[in-house]
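Enquirer: Protein chains in written order, with my numbering: chain E, 1 to 48; chain Y, 1001 to 1481.
These are computed hints drawn from the structure, not numbers from a lab. A few of these clues could be false.
Keeping only pairs whose Cα atoms sit at most 25 Å apart, straight-line, the calculated DSS-like set for lysine-lysine is [claimed, not checked]:
{"id": "1", "chain 1": "E", "residue 1": "K42", "chain 2": "Y", "residue 2": "K1260"}
{"id": "2", "chain 1": "Y", "residue 1": "K1252", "chain 2": "Y", "residue 2": "K1177"}
{"id": "3", "chain 1": "Y", "residue 1": "K1086", "chain 2": "E", "residue 2": "K17"}
{"id": "4", "chain 1": "E", "residue 1": "K45", "chain 2": "Y", "residue 2": "K1153"}
{"id": "5", "chain 1": "E", "residue 1": "K17", "chain 2": "Y", "residue 2": "K1085"}
{"id": "6", "chain 1": "E", "residue 1": "K23", "chain 2": "Y", "residue 2": "K1188"}
{"id": "7", "chain 1": "Y", "residue 1": "K1272", "chain 2": "Y", "residue 2": "K1085"}
{"id": "8", "chain 1": "Y", "residue 1": "K1085", "chain 2": "E", "residue 2": "K18"}
{"id": "9", "chain 1": "E", "residue 1": "K42", "chain 2": "Y", "residue 2": "K1450"}
Chain E is nowhere near these chain Y residues, computed Cβ spacing over 12 Å in every case [said to hold, decoys possible]:
{"id": "10", "residue": "N1006"}
{"id": "11", "residue": "D1034"}
{"id": "12", "residue": "K1272"}
{"id": "13", "residue": "R1331"}
{"id": "14", "residue": "H1377"}
{"id": "15", "residue": "A1429"}
As the structure is a computational prediction, the values presented were derived from the model and not from experiment. All C-beta atoms in this analysis are idealised placements derived from N, C-alpha and C, irrespective of residue type, glycine included.
Residue-level listing of the chains:
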Amino acid sequence: MKHVVTLNQANLVESAKKGGCGKCQASCQSACKTSCTVANQKCEKEEK
Amino acid sequence: MNLNENFNKSIHKYQLGGLNLVLDVNSGGVHVLDSMTYDLLDFVQPPFSETCPDEILHAMQTKNPEYAKSDIQECYQEIRELHAKKILFSEDEYEKFAKFATSSPVKAMCLHISHDCNLRCQYCFASTGDFGTGRKLMSVETGKKAIDFLLEKSADRQQLELDFFGGEPLMNFDAVKEVVLYARSREKETGKHFRFTITTNGMLLNDENTDFINREMSNVVLSIDGRKEIHDRMRPTPNGKGSYDVILPKFKKLVDQRDKNLDYYVRGTFTKYNLDFSDDVFSLYDAGFDQISVEPVVSDSKYPYALTEADLPAVSAEYEKLAQRLLAQDRAGKHFNFFHFMIDLNAGPCAIKRLKGCGCGNEYVAISPEGDIYPCHQFVGMENFKMGNLDEGTFNLEMKETFAQSHIYNKYKCRDCWARFYCSGGCNANNYQYQGDILEAHTLSCELEKKRLECAIMIQAVKLLENRADTDTDLKSYKHC
Chain E
1 MKHVVTLNQA NLVESAKKGG CGKCQASCQS ACKTSCTVAN QKCEKEEK
Chain Y
1001 MNLNENFNKS IHKYQLGGLN LVLDVNSGGV HVLDSMTYDL LDFVQPPFSE TCPDEILHAM
1061 QTKNPEYAKS DIQECYQEIR ELHAKKILFS EDEYEKFAKF ATSSPVKAMC LHISHDCNLR
1121 CQYCFASTGD FGTGRKLMSV ETGKKAIDFL LEKSADRQQL ELDFFGGEPL MNFDAVKEVV
1181 LYARSREKET GKHFRFTITT NGMLLNDENT DFINREMSNV VLSIDGRKEI HDRMRPTPNG
1241 KGSYDVILPK FKKLVDQRDK NLDYYVRGTF TKYNLDFSDD VFSLYDAGFD QISVEPVVSD
1301 SKYPYALTEA DLPAVSAEYE KLAQRLLAQD RAGKHFNFFH FMIDLNAGPC AIKRLKGCGC
1361 GNEYVAISPE GDIYPCHQFV GMENFKMGNL DEGTFNLEMK ETFAQSHIYN KYKCRDCWAR
1421 FYCSGGCNAN NYQYQGDILE AHTLSCELEK KRLECAIMIQ AVKLLENRAD TDTDLKSYKH
1481 C
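Make a model of the complete structure from these sequences and hints.
Expert: Pasting the structure below:
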């Protein structure tokens, strides 16, 4: 493309199909405790 | 031109850091555009025709007479292609997954091992340590019951998380040790594994507990606000002295001795008193830390240190400044992590996790020293959110289900918000305390979160473009200024 650079794989739809295992960390357990941020958590599913 | 509002809400376009950026909300796609394509997004949306309609060409040339029709056609075709690939103007297909937002196993716990504190932090949401319920330490017996509760309620979850919290947990360090040893003793028979975290103000750190924390805790959160004068103003001892000089060497020693594969964060709070908080972030880096979280105070607007909507322009500008300073830091080869700018555009949590958010009251609970169960640490002491008690063997499953249903599709402000798959509906406790309903997003927190996300995405975009620009000089045209 000449006018647009796409930066990522944009895989949210795929992640929904294989997601929901619940193995990931509860987001408030990391560092925040006051301001919810979920998207910086890691997926911990062994096989995706 | 009549544009469908729903499609407009499926993208978020903004300019930051010299870039034209667009986030495709539902796919997570992030694109950097040249100025013409960026402008064109104001006039187009699906369905796309084979060529750009005359009225759009006309509108674009009215906006900028220098835009050539042939160039606009090119931009139109690229937008059309991105739409066909479902990475621009893609539709929200996730509501069907909201059915997974049901009552789940409890996998994480905040254990309030101490409702007493040896500091008197002005902004403390725990009322300087006791959550308004009287200074008290948790007994070892209650701590063990909490472990039993977590093991029982975690069903098939193998990885369990437990955060020692307070007040100041090190004021009850013997109980911390006993509870950890008890949990470890039950890992083998139950086939589960505990990940421990502790949040401490550092005042009581010594060789013994530092060694224990570094051995047993997968993460440690060290509370320090940044510059000495900022920290000491808000985090005094009970007799009014500063705590910075006491804790800094202890924190440095703990981090120096810690296995580099284990997590830690120095974690500060900024308030109206230090709207120049990027200096506090860098002060922590200069002090020798590389995992840093500095977060906005959440408090009632009646307090002089409270952040209010009037502070948003200054805080937003400071986040932008911090983002630029972090980029400069990276270019100089001196990278460090700022927690709220961490984002992995290619991975991160699955969409289903993003619907459900933090899981408080459902996958995550807090236990008070008395053994009372609450949805999370921020609800502790609110009688109307007491979910049960360990001694009484009670656990309010109806309230658990209510929290399970607090996903983004049940939060009316969130359904159409471009940031919904990143904050997941925000903090339910903040929503309740400041908006009166766990399902009504806290406006100020939302605005801060959105600015942080814009900065985080911009940082990733700049880094990727700078890496690619080594081999592709055309990318310089993506700068809008």
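Enquirer: Next step is simple, just say for each hint if it's right about the structure.
Expert: Do the hints match the structure? See the list:
no.	hint	verdict
1	K42/E x K1260/Y	holds (18 Å)
2	K1252/Y x K1177/Y	holds (22 Å)
3	K1086/Y x K17/E	holds (16 Å)
4	K45/E x K1153/Y	holds (21 Å)
5	K17/E x K1085/Y	holds (18 Å)
6	K23/E x K1188/Y	holds (19 Å)
7	K1272/Y x K1085/Y	violated (45 Å)
8	K1085/Y x K18/E	holds (20 Å)
9	K42/E x K1450/Y	holds (20 Å)
10	N1006	holds (18 Å)
11	D1034	violated (5 Å)
12	K1272	holds (16 Å)
13	R1331	holds (18 Å)
14	H1377	violated (7 Å)
15	A1429	violated (9 Å)
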